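Trainee: Sequences are here, hints too, so could you generate the full structure?
Protein chains: 2
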Amino acid sequence: MIMNTLATIFNHKSIRKFKNLPVEDEILNNILHAAMRAPSTGNMQLYNIIVTRDIENKRAILPFHFNQKMILDAPVVLTFNADFNRFNLWCEQRNAKPCYDNFLSFITAAIDTVIAAQNAVLAAESQGLGSCYLGTTIYMAEELIKFFELPKGIIPIATLAIGYPDEEPELVDRLPIKGNVHFEKYSNYSKSEIDEIYSYKENLESSKKLIEENKTENLAQIFTEKRYTRESNLLYSNKLLNILKSQGFMNNF
Amino acid sequence: MIMNTLATIFNHKSIRKFKNLPVEDEILNNILHAAMRAPSTGNMQLYNIIVTRDIENKRAILPFHFNQKMILDAPVVLTFNADFNRFNLWCEQRNAKPCYDNFLSFITAAIDTVIAAQNAVLAAESQGLGSCYLGTTIYMAEELIKFFELPKGIIPIATLAIGYPDEEPELVDRLPIKGNVHFEKYSNYSKSEIDEIYSYKENLESSKKLIEENKTENLAQIFTEKRYTRESNLLYSNKLLNILKSQGFMNNF
Numbered sequence: 359m360i361m362n363t364l365a366t367i368f369n370h371k372s373i374r375k376f377k378n379l380p381v382e383d384e385i386l387n388n389i390l391h392a393a394m395r396a397p398s399t400g401n402m403q404l405y406n407i408i409v410t411r412d413i414e415n416k417r418a419i420l421p422f423h424f425n426q427k428m429i430l431d432a433p434v435v436l437t438f439n440a441d442f443n444r445f446n447l448w449c450e451q452r453n454a455k456p457c458y459d460n461f462l463s464f465i466t467a468a469i470d471t472v473i474a475a476q477n478a479v480l481a482a483e484s485q486g487l488g489s490c491y492l493g494t495t496i497y498m499a500e501e502l503i504k505f506f507e508l509p510k511g512i513i514p515i516a517t518l519a520i521g522y523p524d525e526e527p528e529l530v531d532r533l534p535i536k537g538n539v540h541f542e543k544y545s546n547y548s549k550s551e552i553d554e555i556y557s558y559k560e561n562l563e564s565s566k567k568l569i570e571e572n573k574t575e576n577l578a579q580i581f582t583e584k585r586y587t588r589e590s591n592l593l594y595s596n597k598l599l600n601i602l603k604s605q606g607f608m609n610n611f
Numbered sequence: 359m360i361m362n363t364l365a366t367i368f369n370h371k372s373i374r375k376f377k378n379l380p381v382e383d384e385i386l387n388n389i390l391h392a393a394m395r396a397p398s399t400g401n402m403q404l405y406n407i408i409v410t411r412d413i414e415n416k417r418a419i420l421p422f423h424f425n426q427k428m429i430l431d432a433p434v435v436l437t438f439n440a441d442f443n444r445f446n447l448w449c450e451q452r453n454a455k456p457c458y459d460n461f462l463s464f465i466t467a468a469i470d471t472v473i474a475a476q477n478a479v480l481a482a483e484s485q486g487l488g489s490c491y492l493g494t495t496i497y498m499a500e501e502l503i504k505f506f507e508l509p510k511g512i513i514p515i516a517t518l519a520i521g522y523p524d525e526e527p528e529l530v531d532r533l534p535i536k537g538n539v540h541f542e543k544y545s546n547y548s549k550s551e552i553d554e555i556y557s558y559k560e561n562l563e564s565s566k567k568l569i570e571e572n573k574t575e576n577l578a579q580i581f582t583e584k585r586y587t588r589e590s591n592l593l594y595s596n597k598l599l600n601i602l603k604s605q606g607f608m609n610n611f
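Chains as they are written, first to last, in our numbering: chain A, 359 to 611; chain B, 359 to 611.
Just so you know, these hints were derived from the structure itself, not from any lab. Treat the numbers as computed from the prediction; the structure is a model and nothing was measured. Heads up, a few of these hints could be off.
Note that identical chains are pooled: a pair holds if it fits in a single copy or bridges any two copies.
[Said to hold, decoys possible] Taking lysine-lysine and the DSS-like style, the derived pairs with C-alpha atoms no more than 27 Å apart in a straight line are:
#	residue 1	residue 2
1	Lys-597	Lys-510
2	Lys-510	Lys-603
3	Lys-603	Lys-455
4	Lys-584	Lys-371
5	Lys-536	Lys-455
6	Lys-375	Lys-543
7	Lys-559	Lys-584
8	Lys-543	Lys-603
9	Lys-536	Lys-416
Mentor: Here's what the structure looks like:
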């Protein structure tokens, strides 16, 4: 199957249910090489990708992903990690003193990592597979580091569940272009512009159903009170900053 | 022109020289919509894209990108910013208390932002355009915030110079797969494995030329002593952390 790039991108849907079918080695190799063809800072390729296919390992990381069943069902789980370890080892072996134990270096590597991950998503989709990002990776970086035996200089950033789709969801809504795009300068939003930008999303049947299920007044409260709450954000902010420190990215201040 | 997704990805080259030709509105719209079709955390789309085409504005941001001439030559410059401002405004207007003034929320939005940016890269390339990421964005986030008039809750993450290529560079080298990919667990590298992984890169004619030009002993020292030095990393780490604070992402500790 050959899919053109814009069609792949415009037809993206996150897939959370997978057929009980393995991903062929050739197809997985294409995905991994696609990730590695991604541009990176100074061509340093400051990431690694851990391939999880073993069911025991999937069971082990399942709780770190809040028991989302797609971890077990997906034949392939890819964990993308910001990685200065390999680069540092190389520098040390070449009488070059690495100086990447700081916050800027972490962000640099994290950006490289996400660019590679999105290449993997599109390479998977263009070959008939589906995928879903798991945001839990940055919440549970500490646990994933222990499990994958990640040395200093490495932080988990994103996880993809990948496999043949066993569902055909509709395309999900997006904001109108003025919700995301600005020309020349940022133009901040008036109250009526915010109403206009969110009106389509708020009036979807799926949103109304969610509000009913969550027993909130409106859609915004589902985000602030149920999904991404102050308590969990503060908990995981602290956890993430601590793991940045212990993995060696907050030195030299 | 229709390019299949894997071909687009495998043929990626960063383009730094552009023809003096505008990017047609339809093509730019495809790029912007491609970015907006990217998956994002909870479909919150926590980013914005600022389109710079005005030559005066390009001249103004040129020094923030260390005077890299491609900023002037590219007909379109896209700045991708992690953005909780719009989402916060919506929440406040809906009697929902936003709680996204913390480090986790910044990283969440930054990940959304980079995923969108990479969709834009591939959408551009599949339409015959070339692009290059500018890593200077996170160094000069403070200056870009002032220039683009970005409210609290917004941090510049990545910039793309986009236009019709006026150069045809070769594909750039990548590490062998064992430099980036691990199966089931991370397997740290022995000295001989590091030698093996970097051998191809170190023996390229282009690397030898770089070493001569930079008057270093080897390639690794170009990175540590010339390109990404301790002094600049510490300077820009501090700057970035300070701007995270002043843009409201380091509260509640």
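Trainee: With identical chains, the pair Lys-510 and Lys-603 could be close in the same copy or across copies; at 27 Å between alpha carbons, which is it: within, between, both, or neither?
Mentor: This pair counts as both: shortest intra-copy Cα distance 10 Å, inter-copy 26 Å.
Trainee: Up to 27 Å between alpha-carbons, please classify Lys-597 paired with Lys-510: within, between, both or neither.
Mentor: both (16 Å within a copy, 24 Å between copies)
Trainee: If the cutoff is 27 Å on CA atoms, where do Lys-375 and Lys-543 land: within, between, both or neither? Let me know, please.
Mentor: Between copies, since 25 Å is at most 27 Å while 41 Å is not.
Trainee: Up to 27 Å between alpha-carbons, please classify Lys-536 paired with Lys-416: within, between, both or neither.
Mentor: Between. Shortest inter-copy distance 22 Å satisfies the 27 Å Cα cut-off; intra-copy 41 Å does not.
Trainee: Checking an output row: Lys-536 and Lys-455, CA cutoff 27 Å. Within, between, both or neither?
Mentor: between (46 Å within a copy, 24 Å between copies)
Trainee: Given a CA cutoff of 27 Å, do Lys-603 and Lys-455 count as a within-copy pair, a between-copy pair, both, or neither?
Mentor: Cα proximity of Lys-603 and Lys-455: one copy only (20 Å, versus 30 Å across).
Trainee: Have a look at Lys-584 and Lys-371 and pick one of within, between, both or neither, based on CA distance no larger than 27 Å.
Mentor: within (23 Å within a copy, 43 Å between copies)
Trainee: At most 27 Å between C-alpha atoms: does Lys-559 with Lys-584 qualify within a copy, between copies, both, or neither?
Mentor: So Lys-559 and Lys-584 pass the 27 Å test inside one copy only (18 Å; across, 49 Å).
Trainee: Quick one: Lys-543 to Lys-603, C-alpha cut-off 27 Å, is that within a copy, between copies, both, or neither?
Mentor: between (36 Å within a copy, 22 Å between copies)
Hint compliance for this structure: no hint is broken.
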